[in-house]
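Between the sequences and the hints, there should be enough to build the whole structure, so can you do that?
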Amino acid sequence: MSIISVENFSKKYGNIVAVTDFNLVADKGEIVALVGPDGAGKTSIFRAICGLITYDSGIINISGFDVAKGFDKIKPLLGYMPQSFSLYPDLSVEENLSFYAGLFGLTGKKFSEKKKRLYEFSGLGPFYNRRAGALSGGMKQKLALSCALVHDPEILVLDEPTTGVDPLSRRQFWEILKDLKKSGSTIIVSTPYMDEVLLSDKAIFIFGGKKFAEGGPEDLTKIFKGNAYRVNLNPTYERMEQINRIPGLMSRRFGSSIHIYTNESRSLNDYLGQLAEIGIEKNIIEPISPELEDTFIQLMG
Amino acid sequence: MELAVTIDKLTKQFGHFTAVNEISLNVERGEIFGFLGANGAGKTTAIRMLCGLLMPTSGKGTVNGFDIYNESEKIKRSIGYMSQKFSLYRDLTGRENLQFYGSVYQMSNSDLKKRIEELSKNLDLSEFIDRLTESLPTGWRQRLSLAASLLHRPQILFLDEPTGGVDPVFRRKFWEILYRLADDGTTLFVTTHYMDEAEFCRRISIMHQGQIVEVGNPQELIKKYNEPNLQELFINLISKSGSDV
Numbered sequence: 001m002s003i004i005s006v007e008n009f010s011k012k013y014g015n016i017v018a019v020t021d022f023n024l025v026a027d028k029g030e031i032v033a034l035v036g037p038d039g040a041g042k043t044s045i046f047r048a049i050c051g052l053i054t055y056d057s058g059i060i061n062i063s064g065f066d067v068a069k070g071f072d073k074i075k076p077l078l079g080y081m082p083q084s085f086s087l088y089p090d091l092s093v094e095e096n097l098s099f100y101a102g103l104f105g106l107t108g109k110k111f112s113e114k115k116k117r118l119y120e121f122s123g124l125g126p127f128y129n130r131r132a133g134a135l136s137g138g139m140k141q142k143l144a145l146s147c148a149l150v151h152d153p154e155i156l157v158l159d160e161p162t163t164g165v166d167p168l169s170r171r172q173f174w175e176i177l178k179d180l181k182k183s184g185s186t187i188i189v190s191t192p193y194m195d196e197v198l199l200s201d202k203a204i205f206i207f208g209g210k211k212f213a214e215g216g217p218e219d220l221t222k223i224f225k226g227n228a229y230r231v232n233l234n235p236t237y238e239r240m241e242q243i244n245r246i247p248g249l250m251s252r253r254f255g256s257s258i259h260i261y262t263n264e265s266r267s268l269n270d271y272l273g274q275l276a277e278i279g280i281e282k283n284i285i286e287p288i289s290p291e292l293e294d295t296f297i298q299l300m301g
Numbered sequence: 001m002e003l004a005v006t007i008d009k010l011t012k013q014f015g016h017f018t019a020v021n022e023i024s025l026n027v028e029r030g031e032i033f034g035f036l037g038a039n040g041a042g043k044t045t046a047i048r049m050l051c052g053l054l055m056p057t058s059g060k061g062t063v064n065g066f067d068i069y070n071e072s073e074k075i076k077r078s079i080g081y082m083s084q085k086f087s088l089y090r091d092l093t094g095r096e097n098l099q100f101y102g103s104v105y106q107m108s109n110s111d112l113k114k115r116i117e118e119l120s121k122n123l124d125l126s127e128f129i130d131r132l133t134e135s136l137p138t139g140w141r142q143r144l145s146l147a148a149s150l151l152h153r154p155q156i157l158f159l160d161e162p163t164g165g166v167d168p169v170f171r172r173k174f175w176e177i178l179y180r181l182a183d184d185g186t187t188l189f190v191t192t193h194y195m196d197e198a199e200f201c202r203r204i205s206i207m208h209q210g211q212i213v214e215v216g217n218p219q220e221l222i223k224k225y226n227e228p229n230l231q232e233l234f235i236n237l238i239s240k241s242g243s244d245v
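So the sequence lines, in the order shown, correspond to chains A and B.
Note that the first sequence covers residues 1 to 301 in the numbering used here.
Note that the second sequence covers residues 1 to 245 in the numbering used here.
Check each hint, because a few of them may be wrong.
[Claimed, not checked] Computed list of lysine-lysine pairs in DSSO-like fashion (alpha-carbon distance at most 30 Å, straight line): (1) A:116 x A:181; (2) B:85 x B:74; (3) A:178 x B:240; (4) A:225 x A:210; (5) B:224 x A:222; (6) B:9 x B:113; (7) A:211 x A:181; (8) A:178 x A:210; (9) A:110 x A:178; (10) A:28 x A:110; (11) A:182 x A:12; (12) A:116 x B:240; (13) A:181 x B:240; (14) A:211 x B:74; (15) A:202 x A:222; (16) B:173 x A:210; (17) A:211 x A:222; (18) A:182 x A:109; (19) B:173 x B:113; (20) B:9 x B:240; (21) B:224 x B:9; (22) B:74 x B:9; (23) B:173 x A:12; (24) A:202 x B:173; (25) A:75 x A:114; (26) A:282 x B:223; (27) A:202 x A:182; (28) B:173 x A:225; (29) A:109 x A:69; (30) A:282 x B:240; (31) A:73 x A:202; (32) A:73 x A:210; (33) A:225 x A:182; (34) B:85 x A:12; (35) B:240 x A:182.
If you're looking for bench data, these hints aren't it; they were derived computationally from the structure.
Shown next as structure tokens:
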């Protein structure tokens, strides 16, 4: 049985359509990633799953309970980490934890035990007395996750948990998610980082409130249409402009190199002349298998 | 080579806590410099000292040739600063915000009007410049913040995590604008947690627990440490220098 099931979910804010006919299924122990630009509707989906907003149509089930029918039933099952930091900045690390534990009736010895375990995974123990507002970005995110985990939820809903987090802390954060998955938690997470999407079991590309594509990260890479190439030249502004003036080619900077995409019906041979004119000779162009980020860019333009 | 920023043993202590610990580096004019580091490493504190917003405890520094101790007002007029947090007024439109910031810089009405049109065109703001900033997605807000920091035509631009929370397509559009600015001679001093963006920089530094652990060209550093990419280099350098994350 699926732990989370969203069927034909639609949400409008006044005349603005946020999400249209959206479907999502997550099984126990799955990590599902939602990927899309700003305003794609991700946060509306998260809020609806957590029973925080009403919606226009659709059915959302959490562990068999209809979200629209009873918030009380689903509340103990869910841990929600919103996109913006929403802990109390003037309370200490431990006071924040204790406050969230209290909301779920976790006090005394039970809380002490839980706290110890949360400090173990987060490394926040030495900072128990620091004001949450004075924590670094990575530590803030770990505290927010700890607060979402305090009542042992079966389901975690994480809205861009690693934004503003450095690469090492991001890696540690995902180690924690993998451990939670192993112990049976179901996780829905949004992220702008494609390396995180690759660590998920399933990813959904969403744009303008609609699902664009869904599948395992490897499957999604395969929906890239046409061919991708890497040019080992520094992507200066001028060079990128020159390539983008060639009709039919799409190009984007990737670190210190350039990726060029052709559409399905054309091969790179059709463009070699034009590329040579701007100093990009055949010998510095190599075909590549498109990565997830290439696929996302091609889909979203 | 003319230097846009010089830093020599710059230090900032808050009580017993040393946030920035004797960092030294130079940034050349027209360079895109990536100021990387772990969360809480002291990057924002360092940037605030360079922008004349925070008095150092010790060490030396110049920005645009002006001393960071005695000439902070001159520094403020010659630089642009885009902070980590969205700091435009949410109940004003983009245009109203730009008009407000322009008047803070004492720009004349006619010059300001011309400059806003110019920035609107160059940064592609026209679609949303007359909407309340509150209702705008992050990627657009960030372009507006960039416009506000560029109003007075600064020679150096400090950008503190300008693309945090922005998707891959929008991020690249933002960097196209930064590259164009650098081509026109603006010096860019930028922090980011996206390692592909760090690779767009001519040089980077990596900071951890108040100290700079490495400075150099990204490709040369990857070779020097024999790492597959910048992300792995960053993770290994930071893990090696001790943990306090």
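Right, here's what the structure says about each hint:
1. About 20 Å separates the Cα atoms of residue 116 of chain A and residue 181 of chain A, which keeps this hinted pair within 30 Å; it holds.
2. With a C-alpha separation of about 24 Å, the suggested pairing of residue 85 of chain B with residue 74 of chain B holds against the 30 Å cut-off.
3. Annotation: proposed proximity of residue 178 of chain A to residue 240 of chain B holds, straight-line Cα distance about 24 Å (limit 30 Å).
4. Between residue 225 of chain A and residue 210 of chain A the CA atoms are separated by roughly 20 Å; this keeps the pair inside 30 Å, and the hint holds.
5. Proposed proximity of residue 224 of chain B and residue 222 of chain A is contradicted: the alpha carbons are some 35 Å apart, above 30 Å.
6. Using a Cα cut-off of 30 Å, the hinted pair residue 9 of chain B and residue 113 of chain B is violated, with the two alpha carbons roughly 42 Å apart.
7. Between the alpha carbons of residue 211 of chain A and residue 181 of chain A the distance comes to roughly 25 Å, so the proposed pair stays at or under 30 Å and holds.
8. The straight-line distance between the Cα atoms of residue 178 of chain A and residue 210 of chain A is roughly 28 Å, inside the 30 Å bound, and the hint therefore holds.
9. Our distance criterion of 30 Å between C-alpha atoms is met by residue 110 of chain A and residue 178 of chain A, whose separation comes to about 25 Å.
10. Annotation: proposed proximity of residue 28 of chain A to residue 110 of chain A holds, straight-line Cα distance about 26 Å (limit 30 Å).
11. A C-alpha spacing of about 36 Å is found between residue 182 of chain A and residue 12 of chain A, which places the hinted pair above 30 Å, so the restraint is violated.
12. As the CA atoms of residue 116 of chain A and residue 240 of chain B are separated by approximately 26 Å, the hinted pair is consistent with the 30 Å bound.
13. Simply put, residue 181 of chain A and residue 240 of chain B have alpha-carbon atoms about 28 Å apart, close enough for the 30 Å limit, and the pair holds.
14. The suggested pairing of residue 211 of chain A with residue 74 of chain B is violated, with an alpha-carbon distance near 51 Å, which exceeds 30 Å.
15. This hinted pair checks out: residue 202 of chain A and residue 222 of chain A have alpha carbons roughly 14 Å apart, not beyond 30 Å.
16. Only pairs whose Cα atoms come within 30 Å are accepted, and residue 173 of chain B paired with residue 210 of chain A is accepted, the gap being roughly 23 Å.
17. Of the supplied pair hints, the one linking residue 211 of chain A and residue 222 of chain A holds, its CA atoms being roughly 17 Å apart against a limit of 30 Å.
18. Distance restraint check for residue 182 of chain A and residue 109 of chain A: the Cα-Cα separation of roughly 26 Å lies within the 30 Å cut-off, and the hinted pair is therefore satisfied.
19. The hinted pair formed by residue 173 of chain B and residue 113 of chain B meets the criterion: a straight-line CA distance of about 25 Å does not exceed 30 Å.
20. Distance check on the hinted pair: residue 9 of chain B and residue 240 of chain B sit about 23 Å apart at the alpha-carbon level, within 30 Å; holds.
21. Between residue 224 of chain B and residue 9 of chain B, the direct Cα distance comes to roughly 25 Å. Compliance with the 30 Å bound is thereby established for this hinted pair.
22. Restraint check for residue 74 of chain B and residue 9 of chain B: the C-alpha separation of about 22 Å stays at or below 30 Å, so the hint holds.
23. A threshold of 30 Å between alpha carbons decides the hint, and for residue 173 of chain B with residue 12 of chain A the separation of about 29 Å falls inside it, so the pair holds.
24. Annotation: proposed proximity of residue 202 of chain A to residue 173 of chain B holds, straight-line Cα distance about 28 Å (limit 30 Å).
25. A distance of roughly 19 Å separates the Cα atoms of residue 75 of chain A and residue 114 of chain A; the hinted pair therefore holds under the 30 Å criterion.
26. Distance hint between residue 282 of chain A and residue 223 of chain B is fulfilled; the C-alpha atoms sit about 25 Å from each other, no more than 30 Å.
27. Of the pairs offered as hints, the one joining residue 202 of chain A and residue 182 of chain A holds, with about 16 Å between alpha carbons and a cut-off of 30 Å not exceeded.
28. The straight-line distance between the Cα atoms of residue 173 of chain B and residue 225 of chain A is roughly 22 Å, inside the 30 Å bound, and the hint therefore holds.
29. Taking the CA atoms of residue 109 of chain A and residue 69 of chain A, the gap is near 34 Å; set against the 30 Å cutoff, the hint is violated.
30. Proximity of residue 282 of chain A to residue 240 of chain B is assessed by CA-CA distance (about 41 Å); at most 30 Å being required, the pair is judged violated.
31. For the given pair, residue 73 of chain A sits about 27 Å from residue 202 of chain A by alpha-carbon distance, which is consistent with the 30 Å threshold.
32. With a CA separation close to 29 Å, the supplied pair residue 73 of chain A and residue 210 of chain A stays within the 30 Å bound.
33. Between the alpha carbons of residue 225 of chain A and residue 182 of chain A the distance comes to roughly 35 Å, so the proposed pair goes past 30 Å and is violated.
34. At roughly 28 Å between alpha-carbon atoms, residue 85 of chain B and residue 12 of chain A fall within 30 Å of each other, so this suggested pair holds.
35. A hinted pair counts as satisfied when its Cα atoms are at most 30 Å apart, and residue 240 of chain B with residue 182 of chain A qualifies at roughly 28 Å.
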